[in-house]
Structure formats: C-alpha cells, structure tokens
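*Asks:* In case you want the letters, here they are:
Protein chains: 2
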Amino acid sequence: MKVRILVSLKESVLDPQGQTVRNALHTLGYNQVKDVRQGKVFEIELEGLGRAEAEKLIPEIADRVLANPIIEKFSWEIMET
Amino acid sequence: MKVRILVSLKESVLDPQGQTVRNALHTLGYNQVKDVRQGKVFEIELEGLGRAEAEKLIPEIADRVLANPIIEKFSWEIMET
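Read top to bottom, the protein sequences are chains A and B.
First residue of the first sequence? That's 16 in the working numbering, and the numbers climb one at a time after it.
First residue of the second sequence? That's 16 in the working numbering, and the numbers climb one at a time after it.
Hints may be right or wrong, so weigh each one.
Note that identical chains are pooled: a pair holds if it fits in a single copy or bridges any two copies.
Below, simulated PhoX-like cross-link-like pairs (lysine-lysine); rule was C-alpha separation at most 25 angstroms, straight line [claimed, not checked]:
#1 K49 with K71
#2 K71 with K17
#3 K49 with K25
#4 K17 with K55
Because the hints were derived from the structure by calculation, they are not lab data.
If we strip away everything but chain A, and leave its shape as in the complex, we get (with noise of 0.2 angstroms):
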C-alpha cells in the first residue's frame, strides 16, 4: 500500500525557508507568486495491513514520527492499495 503524507507548519507559524522561496522567484521576475509555504512529503509504502488498519497507523505514525504537532499539521491520503 502507498500512502501520501503531507507536514506543513500551521498557518500561524512564520515560514522563512517559503518567504526565501518566494523571494527568489520575485528576484526571478515572477511576481505573481503572492506567498509561498513551504513543507515536507512522506512517500510510505505499507506492507500486511487492511484499509482500516492503514488508517489507524498512518495518523499515529504523522504524529509520533513525522510532524511535530506543536508547529505542524498534516494530511494523508492512499495512493494505491
């Protein structure tokens, strides 16, 4: 099973790695990119799980492993089965 997990800082967390980003591209000319956030991507592949199972592990594993929750949010999504 291939799952998706996407870490992003929270919204009211500043982003200087995006805003160095967005800078570079208005130094590029491309000014219109408005705000740029930046964060990380998790490609996992499972093995011997259920669906439901999967879905139980896979927020476990974000929280505990992947994002630290105090700055970060994610999201998740089966890519394949």
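Got chain A; can you put chain B on it based on the hints?
*Replies:* Just chain B, lined up with the frame of chain A:
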C-alpha cells in the same frame, strides 16, 4: 489561486533522509513500513493569472527554481482557483 507542487527524488536516486525515517520507524516497532521517500511540498499562492497562464507558469517555476531536474521530479495540482 492556490497551487501545490510536490518535488521528490527520482526513483533511481538514493534517499538517505527517507532511509533514516524508515529506520527510526522500525526502531519504534513500525515494521509494516517497507519504504519511505522524503520530498518537499510547496504551497503557492498566485495572483492575477488565468488558469491557462498558471498551467504554463507552474511547471516553469518548478523546473527552474523548486526542483533540481537532474535528480528530482515534480508534480503539481491547482487546489483552488
């Protein structure tokens, strides 16, 4: 317009960061995790562009700035117009 761009290493490129995450998950007992690949996600807000212009601009920005086309691939989707 809100756009999401995912940048990840090409399949043929080693991903030590993903391997480290996988090993950490195994240490915690999550042995169902067979593989982890880590990439970047950019959430970008564009203004003053029609859909057709955006569809031209987004891959240009991704290819030129956000991804390193030698070792990375990208995909994108328009989340909100």
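*Asks:* Provide an ascending list of the numbers of those earlier hints which the structure does not satisfy.
*Replies:* none
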